[in-house]
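Respectively, the protein sequence lines represent chains A and B.
For what it's worth, our numbering labels the leading residue of the first sequence as -2, then goes sequentially.
For what it's worth, our numbering labels the leading residue of the second sequence as -2, then goes sequentially.
Calculated directly from the structure, the hints in this document are not laboratory data.
Hints are supplied without guarantee of correctness; some may be wrong.
For chains that are exact copies, the list does not tell them apart, and a pair is met inside one copy or across any two.
[Said to hold, decoys possible] Taking lysine-lysine and the BS3-like style, the derived pairs with C-alpha atoms no more than 27 Å apart in a straight line are:
(1) K282 / K343
(2) K339 / K1
(3) K526 / K372
(4) K277 / K114
(5) K26 / K83
(6) K83 / K353
Given the structure is predicted, the values throughout are model-derived calculations rather than measurements.
Protein chains: 2
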Amino acid sequence: MAKKKIIVIGGGFGGVFAAKALEKRGRGKLDVELVNANNYFVFQPLLPEVAASTIHSADAVVPLRQLLRRVQMRQAEVMGIDFAAKKVIVVQGTRRIPIDLYYDELVIALGTSVDLKRFPGLPEHALTMKDLADAHRLRTHVIGCLETADVTDDPEVKQQLLTFITVGAGFSGVETIAEVRELVRRALKYYPNIKEDEVRFYLIEYAPRILPTFPADLAAYATRRLEMHGIRVLTGVGTKSATGSAVELTDGRILPTSTIVATIGNGPHPLVASLGLDMKWARIKTDRFMRVPGQDGVWALGDAALIPLVDDPDDDPLLYATQTAQFAVREGRQLAANIVAKLDGKELKPFAYTSKGSLASLGMSKAVADVYGVKLSGTLAWLLWRGFYLSFLPGFTAKLRVGLNWLVNSVMPPNIVQIQSTPPATRYIHYRKGDRVFEPGMLIDGFYTVVRGSFQLTIDNPETGEHFAKLFRQGDHFGERVLLKSALRTGLVVALEDSVVLFIAQKDFTRFARAFPILDTYFKDYIEKTFGGPEKAFAAGSVNHKHELETLP
Amino acid sequence: MAKKKIIVIGGGFGGVFAAKALEKRGRGKLDVELVNANNYFVFQPLLPEVAASTIHSADAVVPLRQLLRRVQMRQAEVMGIDFAAKKVIVVQGTRRIPIDLYYDELVIALGTSVDLKRFPGLPEHALTMKDLADAHRLRTHVIGCLETADVTDDPEVKQQLLTFITVGAGFSGVETIAEVRELVRRALKYYPNIKEDEVRFYLIEYAPRILPTFPADLAAYATRRLEMHGIRVLTGVGTKSATGSAVELTDGRILPTSTIVATIGNGPHPLVASLGLDMKWARIKTDRFMRVPGQDGVWALGDAALIPLVDDPDDDPLLYATQTAQFAVREGRQLAANIVAKLDGKELKPFAYTSKGSLASLGMSKAVADVYGVKLSGTLAWLLWRGFYLSFLPGFTAKLRVGLNWLVNSVMPPNIVQIQSTPPATRYIHYRKGDRVFEPGMLIDGFYTVVRGSFQLTIDNPETGEHFAKLFRQGDHFGERVLLKSALRTGLVVALEDSVVLFIAQKDFTRFARAFPILDTYFKDYIEKTFGGPEKAFAAGSVNHKHELETLP
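The whole structure should be built from the sequences, with the hints applied where relevant.
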């Protein structure tokens, strides 16, 4: 008999445990393939520790090929699913020709994604904590803030750099702010010009209390512990909007900050959203056996799926499987059993599981735990937390690596190496009314096009007494002198209302404007007409070696 | 007495050892500040091991603040030096206002940079091995090649992906190809569809033999060992040019490859080149005391400096200090002593040092060594190599970390986690005559402007029998359907001669074209005029969920 082809898409807890169980139960009968964008499994509970550099980035993840030795692993992006033809369309590597993968049974385990669109400025200015790159970015960002704060002479800039804000106080938010605080505290002795009381940490939660899934007394304990360590816990207040230099709360407060971590806003994975399946609460509706109704051979599990625990759960969220690793692991095993049962013509079993409890680390060797109804807090809970996650981490190598990390890190100075990466070439930037985009004396960095709102440019030449002013509205642009051989801004640009620009970095913009004749002509004309030529309004700065034009290849 | 301000720019071996010695010898008299773009010191000899993931990226570097506890560390970019005003102009953090740092004595320790301009295509398509990001990029790239090769059905693509080339056979080139080979060999058991004999490694050297600084018999031994492990050593042949899919050698051979590592082409640091100092062989000429003649209080050392070992060395390179860590460390100490002597009104001492030998690792626990004139090869040399570099690594914590890495890695499976990063938004791509830029059925990825050369587009519509052809020359563009809601290419674009394009990634190009009215209008007109409207020549693909337009912020 030909082997049945099972494709699992998504390599989180649900996908990995389903693939593992399928391979084991179906050996010889099933050909299992797992498709994932990354070649590794992310152990999400450890991401805050990666951000704090307690754990090396590569040690909080496990290569899928090592975890699933007998499963075909394919690192690829899923572009679409054709349910009628029973195929998944993927793109892999640099040769971008879509490939069809045909399945007999398909398991959708794509998880969720972050959706911050309801909060203006948050998608553009907040960091998230979903994957390894996020944790790495947060760590790099925090150390960068310390580096600059140590040498800046501007007290406002310093305060902004030393204010760290986490929005959302579930597990992820609480553990993230606790770990960031731990990293900063340990690092401070290497930053002689930063005093501990200059650093501020905020945990912002819209609900009346933090850790909503925990008993109230444990949440109260956690709040006290966080506050004892200098973390300001603000509950009952939400985030309204954000810019690159501040966050505005629903009570009108504006907190100047360079660091906002958003752990709120769960939305469906973009592919899941595009499949046309029956969804509820942004999750794929399944039956109690985790089958997707109306589709032949399609299953869903994990955070992406809404799996009822009883026959008619209606709108009671407690009657569906919760979106935790604990559940996903059990769902994976049950789903594998059901697929094998289906192929063998046997009876399927509905998914059933009751949570055994919750754990949350508070940093500083403290945690809260609610296990089998027993409530624990403090160091014992923290040891339990570490032990539990170590046991939960799949693979012996991974356990050993993380254990060693913890051991080494507890006796060594913190790792404050900042591995910088290039910021994206284009980005949308939000400004609040009155914010300065740039001012005279700043190094040119790129080109700005107004997407929404308005800005005012003023140039004053102290030598000639000349004054120049110009208003920019949607579709207008400023900062084009990035194309000229001058290094410093001579004008001041201020937002006249809450506004958004598209920023294009100098190198990328210059490359395009030089290569593309329409732009080249347009900007020459524009500079001539608006400013009276390239020489007129532009005083050359003294630091122009960086702005030599790139040699064309 | 007011303290004298000493600024050291550059945090490599020369800068770090100079700063350390200055702080120690000048305690209470000197105020030492080190300016570096990164907040860490890179232990360059270990970079190939980072590329092979034998060592965690963060462990091959040491935070400068931990290394130089009493030195003010400033993570900033040096934009210029005003020798007359005795100030260094730097830019730090996100607030890009240049800051003046005044010095009494200035130490230039900026090292060198890679300059591949002589080889068309190499600057754009080769990886380098200068800093931590390079090593990390190479590792990620190699694992990505294995991931795609494991699942591709195209034998040509597979061969290209499994060919790894290093250009230049000094220490860095030899160790890099040896380590890449080691990583691939250890990783292969997780890639069931790749056979060992499908993988090719090349080491290409223009000189008649590898390791030019070693005795000939050691180099011959190294060549034999590398070849025994399947690395093809090509000497007496250079690199002529490169594209994204092949490298062309000076003997006319074309090797299809996705991976070219260039360890050749030393050029001056861009800032050093812009200073207007007296240079020779791309290095700053100093006197025997490491002073820069004609400048008040300016010193130079390390790879950036050309330090004579005798009074009139003329054009004999052997009569100048060599560009190695061994020399840089001694130069740093002597330079610090000379600065202190100068300030104390005492006599300066000329720099003098003789190399104690060389070591090069060949992977597979083998190395070659030439120490105090004693020649060693094999495992003993390799143990010496490890011991020597461990002892040379500054700081106890760093030694312990690297030692642990070696220990853990020797008993554990290789780390094949691929932490992907976004490719740059704009890049120049070289094509050889006949190369395909894209073909029908490929996913659209971006927009192309012709920088040099020419291309031919052909579209054949099998349904209507229509045929469309167009020639593109410098300033022309293709791929603009990236702006439309269609997912797959319908045309074939081929290079008619050796050519270069500027590529702009889909997301960034679309953002700009939408925000900037001139472009928006231009492309609507262009598509109408050239193809007869957006509907005409563009067949919508089946995988279009990825190409929904981004919601404007």
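| said: I want to check one pair: K339 and K1. Are their C-alpha atoms no more than 27 Å apart within a copy, between two copies, both, or neither? | reply: within (12 Å within a copy, 82 Å between copies)
| Between K277 and K114, at a C-alpha cutoff of 27 Å, which is it: within one copy, between copies, both, or neither? | Classified as within: same-chain Cα gap 19 Å, cross-chain 57 Å, threshold 27 Å.
| said: When Cα atoms must be at most 27 Å apart, do K526 and K372 count as within-copy, between-copy, both, or neither? | reply: neither (73 Å within a copy, 72 Å between copies)
| For K282 vs K343, is the C-alpha pair at or below 27 Å within one copy, between two copies, both, or neither? | Within one copy, since 23 Å is at most 27 Å while 84 Å is not.
| Status of K353 relative to K83 across identical chains (alpha carbons, at most 27 Å) | For K83 and K353, the Cα distance exceeds 27 Å both inside one copy (37 Å) and across copies (68 Å).
| said: As a check of your reading, is K26 near K83 (CA-CA no more than 27 Å) within one copy, between copies, both or neither? | reply: Classified as within; 19 Å inside a copy, 77 Å across copies.
Hint compliance for this structure: hints 3 and 6 are not met, and every other hint is.
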